[in-house]
Every structure is written in structure tokens, then in C-alpha cells.
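Those protein sequences? They're chains A and B, same order as listed. Its first residue numbered 1, the first sequence is counted upward by one per residue in our numbering. Its first residue numbered 1, the second sequence is counted upward by one per residue in our numbering.
Rather than coming from a laboratory, the hints here were simulated on the basis of the structure. Remember, it's a predicted structure, so these values are computed and weren't measured experimentally. Some hints could be false.
[As the list claims (entries may be wrong)] In silico DSSO-like cross-links for lysine-lysine, where the CA-CA straight-line distance does not exceed 27 Å:
| # | chain 1 | residue 1 | chain 2 | residue 2 |
| --- | --- | --- | --- | --- |
| 1 | A | Lys319 | B | Lys129 |
| 2 | B | Lys289 | A | Lys47 |
| 3 | B | Lys319 | A | Lys292 |
| 4 | A | Lys129 | B | Lys319 |
| 5 | A | Lys319 | B | Lys289 |
| 6 | B | Lys119 | A | Lys291 |
| 7 | A | Lys319 | B | Lys319 |
| 8 | B | Lys119 | A | Lys118 |
| 9 | A | Lys119 | B | Lys191 |
Here is what each chain is made of, one letter per residue.
There are 2 protein chains.
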Amino acid sequence: MNFKIKGTDGKARVGELILKRGLIKTPAFMPVGTAATVKAMLPENVKALGADIILCNTYHLMLRPGENLINNLGGLHKFMNWERPILTDSGGFQVMSLSGLSRKSEEGVEFRSHIDGKKYFLSPEYSIKIQKTLGSDIIMCFDDCASFQSKKNDVADSMKRSIKWALRSKEEFELTNSGILFGIQQGGIHKDLRDESIKRLLDIDFQGYAVGGLAVGEPQAEMFKVLDSTADKFPNNKPRYLMGVGKPDDIVGAVLRGIDMFDCVLPTRSGRTGQALSRRGPINIKNSKHKKNSSPLDPDCNCYTCLNYSRSYLHHVFKSGEIISAILLTWHNLYYYQELMNDIRNAIKNKKLIEYSKEFYKLQNSRDLL
Amino acid sequence: MNFKIKGTDGKARVGELILKRGLIKTPAFMPVGTAATVKAMLPENVKALGADIILCNTYHLMLRPGENLINNLGGLHKFMNWERPILTDSGGFQVMSLSGLSRKSEEGVEFRSHIDGKKYFLSPEYSIKIQKTLGSDIIMCFDDCASFQSKKNDVADSMKRSIKWALRSKEEFELTNSGILFGIQQGGIHKDLRDESIKRLLDIDFQGYAVGGLAVGEPQAEMFKVLDSTADKFPNNKPRYLMGVGKPDDIVGAVLRGIDMFDCVLPTRSGRTGQALSRRGPINIKNSKHKKNSSPLDPDCNCYTCLNYSRSYLHHVFKSGEIISAILLTWHNLYYYQELMNDIRNAIKNKKLIEYSKEFYKLQNSRDLL
Numbered sequence: 001m002n003f004k005i006k007g008t009d010g011k012a013r014v015g016e017l018i019l020k021r022g023l024i025k026t027p028a029f030m031p032v033g034t035a036a037t038v039k040a041m042l043p044e045n046v047k048a049l050g051a052d053i054i055l056c057n058t059y060h061l062m063l064r065p066g067e068n069l070i071n072n073l074g075g076l077h078k079f080m081n082w083e084r085p086i087l088t089d090s091g092g093f094q095v096m097s098l099s100g101l102s103r104k105s106e107e108g109v110e111f112r113s114h115i116d117g118k119k120y121f122l123s124p125e126y127s128i129k130i131q132k133t134l135g136s137d138i139i140m141c142f143d144d145c146a147s148f149q150s151k152k153n154d155v156a157d158s159m160k161r162s163i164k165w166a167l168r169s170k171e172e173f174e175l176t177n178s179g180i181l182f183g184i185q186q187g188g189i190h191k192d193l194r195d196e197s198i199k200r201l202l203d204i205d206f207q208g209y210a211v212g213g214l215a216v217g218e219p220q221a222e223m224f225k226v227l228d229s230t231a232d233k234f235p236n237n238k239p240r241y242l243m244g245v246g247k248p249d250d251i252v253g254a255v256l257r258g259i260d261m262f263d264c265v266l267p268t269r270s271g272r273t274g275q276a277l278s279r280r281g282p283i284n285i286k287n288s289k290h291k292k293n294s295s296p297l298d299p300d301c302n303c304y305t306c307l308n309y310s311r312s313y314l315h316h317v318f319k320s321g322e323i324i325s326a327i328l329l330t331w332h333n334l335y336y337y338q339e340l341m342n343d344i345r346n347a348i349k350n351k352k353l354i355e356y357s358k359e360f361y362k363l364q365n366s367r368d369l370l
Numbered sequence: 001m002n003f004k005i006k007g008t009d010g011k012a013r014v015g016e017l018i019l020k021r022g023l024i025k026t027p028a029f030m031p032v033g034t035a036a037t038v039k040a041m042l043p044e045n046v047k048a049l050g051a052d053i054i055l056c057n058t059y060h061l062m063l064r065p066g067e068n069l070i071n072n073l074g075g076l077h078k079f080m081n082w083e084r085p086i087l088t089d090s091g092g093f094q095v096m097s098l099s100g101l102s103r104k105s106e107e108g109v110e111f112r113s114h115i116d117g118k119k120y121f122l123s124p125e126y127s128i129k130i131q132k133t134l135g136s137d138i139i140m141c142f143d144d145c146a147s148f149q150s151k152k153n154d155v156a157d158s159m160k161r162s163i164k165w166a167l168r169s170k171e172e173f174e175l176t177n178s179g180i181l182f183g184i185q186q187g188g189i190h191k192d193l194r195d196e197s198i199k200r201l202l203d204i205d206f207q208g209y210a211v212g213g214l215a216v217g218e219p220q221a222e223m224f225k226v227l228d229s230t231a232d233k234f235p236n237n238k239p240r241y242l243m244g245v246g247k248p249d250d251i252v253g254a255v256l257r258g259i260d261m262f263d264c265v266l267p268t269r270s271g272r273t274g275q276a277l278s279r280r281g282p283i284n285i286k287n288s289k290h291k292k293n294s295s296p297l298d299p300d301c302n303c304y305t306c307l308n309y310s311r312s313y314l315h316h317v318f319k320s321g322e323i324i325s326a327i328l329l330t331w332h333n334l335y336y337y338q339e340l341m342n343d344i345r346n347a348i349k350n351k352k353l354i355e356y357s358k359e360f361y362k363l364q365n366s367r368d369l370l
């Protein structure tokens, strides 16, 4: 791994993360390919839209089709026809949020599959093994995620357990040479816990650091407050990844606070539920006011969807339940996200991120496209 | 319109149908784009896969989004981003098969929308008007379709009404200059009725002729029997279209009997329900025997799906309900259909259609891929 900072603007950094399977321009947005597909997209399109890396989920893939099946078929990249880097989430978040009754112990988490109710067990060691078996390029530590509603005591316990699990994750990771490993900071919205988490992660030493446990229901201001006192405590020469974030304005705010990497289901999920994201805010294509509208989603957008289809058509195919609706909206949303990241990178290079951000927030709130 | 026969082999013909919006190589397969989208495909892909023309449905489009809305947006081609020829079905078949209670009279058919139960009325005049409003390149007469179960008397009545409606369709068609008009033969599996239908259609005189009322549940042998005594009674210099057909072996058999054009939902519908079609017969990707199979659907196929994805992956994404499953299987199926048509055209040019057909039927029944 090689991470080069090519420029800074305030706390924001523009750089390149160079991995065996390719170069990732940062700040980077990683489309989510949960079950070995970025939903509604072909991998060639995802790449052409500007993604240097995607995220896949250990939790989903261990349940179906299983990491060994994927390994026997040549690994995750070949299986899903995506040759570039893949980051795998560890499953720590999903076993709590998606599975049925899960039982946590010091050893790991026993849980029931959301697909068939079958019992499974995940531990730091097993999660790392699965991620290596899949052939992941960026492996995440198995962490213990407290919910946003948890009391501070529980958040503290959860953070401390995450540290122990991070150590075990690293020990397992070092047994064989494959991929790179990121540690995950926890601690909810509590500054002292976040600080302790970072300190102990730095003692263990990782190739990259993630901020976990945010974007779980807290107000944006709380998230930014955590980042204000967090991001620049990570080593300057290593990538910083804010997990599961976010809305375009979350991303701009987080880059301003020193974050380099993002993932979020928003552009893909919204694409399937009739919501387009744009420089002027979200557009709900289900709304009947679009029925006869011959304009594209965004007249300033050069994506395939905006160049070729009217809102009227998009409204029609959404209402008709046609698959092309998910394809075209997801296409636009991923294009918009990658264009946003590209604009952010250019703004940092030109030391104009503040100006860019002001203009961005003004447009997002202008709503004149809605 | 210009229809050139470039070669024959027995009753089979290879040719070119030249319309304002493009050339159609015949024998041609028209993918079905019912509601202004070939399901799960982008129009660019449909074209790249070899389709010179697609079919859209008057019935569906009049209900949603409505022909006037489409017209106000610049017509169907622009609306759906498909610049090449479009054939529109008249709605005659759908008002009987899809709508709720429908009431037929000499004037036309009153029916209830399958979407919202609202009452609509279609007549020959109105169907032609809608097709012109959409901007259709090949307009179909509004016909009265008897079901396969109908008694001969009813089939005869239906055929006779279709002739009267064909005359009214033509009168309406001639009021303005737009598109070309095909007549539709009816008469079920009854030779005398089919003969009478042709004779009377020829008296009216159309730019192309369709065989309607087949592929509605009768055995393939019955369908071929009708074609044996039908297709070459149409004028040699005009295209012949077998509506709603069919399976690959239906198509080969019908071309041998003199048919030039086909449409069918099979490749697209199968693509969404986990069935791939191939030179060695159908492959049910849902079957668990494909779970660990690293081979493509068809090792002899050069489509995007077969070049890049294993059966194991296709099984996984189907089981996971992923949209890419519909995309990849539909892609393969449309590729296979267009390759089949291309092979058929070459076989006719080389006067080798009999040999080709024997090899085709042998492979289809070999099932060694299943």
C-alpha cells in the first residue's frame, strides 16, 4: 500500500491510495455492492461512472453464497467481474442491525441469518478469515457497534470490546499476507471515548483508520462535532474512512474535517425507490408533478440518464415498475456522487474548498429543481 | 417502404425491409418493449445486440402514460430513447387477454384497464389514431382475436369481424400519411377460415401481412400446419409477420414456412424468471445444480454475460433477487435470439437452411448443457 497526499486545503486532503489492484483517488466515494453486485448496475458502468473501489459485505456474502464457494470460483473480484479494489465490511455492524436475535460475548457474536434463520457465529478471527478468503483488498477489523440510543456506559463497553477485537483482528490478519487492514474507531458521540479509542488503535497500528458508529441516527451537527475533534488525530500519512456516510452534504462537511473515504447505500437505494440526488437537492420522481415534464432530472448534468431521458419518462417507468427505472436513477445518482468527489478533489487541489462548499450548500438548499 | 428479397431457400426468404427510420434485416426478431422499455435493458444494448426494430403495445401505452402525453414529448421514439423503427401492436389481443371485463360490439371493444379498472374503448379507428399519435413505423390493424378454445363458429365470426375492422383500420390509416399498415390474418387452426381471411385481406391490400391468433396454446404442429397452407399465399413482395412467436424452434420452423418477422416476450420474460435460452435448449438458473458451477451459461456463446459471469454467479444473484440477474439473463437471451436470426439469414443466403435446421433441432434436443 502506498498513500500519497497530493495537496491539502485546511484539514481536507486530496491524495492517491495505491493498492495492488489499482489506484484510488481520494477523497473517494465507494459504491456499495453488498451481495457482490452494485444493485441495478453492471460493473463496467460503475467503473465508467468513476468508482475506483467498491464495498462488499462480509455478512451478506458469508450467508450467501458463502466465502468458500466464492474462493473456489477464483475469488470475489472474478466472481462479480470487478477487477479493481474491493473493501469489505467486517460484518460487525450487520450482525447487530440485520440479523435476528444476536448474542454477543467476549468471543464474538452468535446470530441468525436474515435469509433463513440459520445460526452463524462471527468473531474477529473468523471475520478476517472470511475477508481474506474473499480476496478483499481493504479488510476491516471486526468491531462491536453500539446503537445511537445506547447509554454512555454501554457505548464505552462497546468501544473497549472493539479495541480488544481490533487487536485480535490484527493478529489474525498478520498470519498471512493478503490485503491491508483498517482499524475502526468507536465511542459514539462522546469525545473522551472517541479519544481513548483512537489512542488505543494507534498503539495497535493499522494501515488505515475508519470512523465507525456514526450516521446511525444522530443529527449531522453531532457527527461533524465528532469529526472536528477526531479526524486529524489519525496519522497524517494514512487514509481515513468515514463508514456508511452519506448524503452529499455529509460528505462535503466530512471532507472539510479531514476524511478521505466514504461509502453509502444512498445513491443506489434511492435509485430503486424513485429518488434522484442532484446538485440542487433530491428529486422525488414519483411525484405527479413530473408526469408531463420534458426536462431531464438536472439540466446541468451530463450523465447518460440526463442526456437521454425526460422526467416524464422516468416518472412513467417508475410508476410502471420497470427495471429501467432503477437502472437510470442509480446511474444518475452514482454519476452525481462521483462528479461531486471529483469536484471536491479539484477544489482541494486549487485550495478552493471553502468557496466550493459555500456554493455547494447554497445550491443544495436552493431547491429550484424540485 | 421498400422490401427487398435478397435470397430464398425453399419457402424461406432473406431480405431487407427499409423504413424511414432504418433498415430491418429479415427474417427479423423484434424484442418486445411493451410499456416503452425492453424490460431490464437499455435501448443502446438492445440495438447493439442486433435488434433493428422493437415492438411496443398500444394497449399499455394508451393506459399509461397515454398517447397524447408521449406525443407532446416528441413521440414514442424520443420518449424511450430508441431512434430505430417501432412496430406497435393494435391492442386487439390485449383487450381480450389482459383487461378486465371487456364488451365487444361491431363498433369496437369496451374494456377495463388492468391497472386501475377505469373504462376505456378501442375501435379500429381509435387504435390506428393512437398508433399514429405515438409515431409508430409499422401500424397493425385492430383485430378481433378468438381464443384457442373457441368453437369454429366463433372463430369464423371473429375472423369476419377482423376483416371489417381491417377495412376500417385502412380507411383511418389513409387519412394521414404516417407509418405503414399491416393486415392481420385470423381463422384459428381452420384452413378454410384462414384462406378466406387472406383472400379478403388481399382485396383490401396492405403493405405487409401478419398471421394472428397463433401461439395461443395450440400445439406447435397445428401452428406449423396453418403456416404450411398460409404463408406463401401472401404476396411474395411483402413482409410476413407471425405475431407473438416464439420459442427458438417455433421460429426456425416458421422461417422454413416463409415467415419474415417475429416478436415474443420469451427472451425478456425468461430473463426475469431465471431461464436462459441457448442453442442447447433452456437452462433453469434457479436449479441448485448450478450453485457451484464455474462455467458460463453456454461455453459457445460470446455474449457479455457468457464472457464474464459463471452460472454460479447467475444462480447467486437470481437467488438474492438482484436486478443484475434480470439484466444478465435478458442480455444473453436477446443475444441468443439475434444470433439465431443472423444464422438463419446466413443459412438462407447460402441455401443451407435445411442443413442448418437439422443441426439446430439436434442441438436443441441434445440437452447436454442442462
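For this session: Hint by hint, work out which the structure violates, then give me just those numbers in ascending order.
Result: 2, 3, 5, 8, 9
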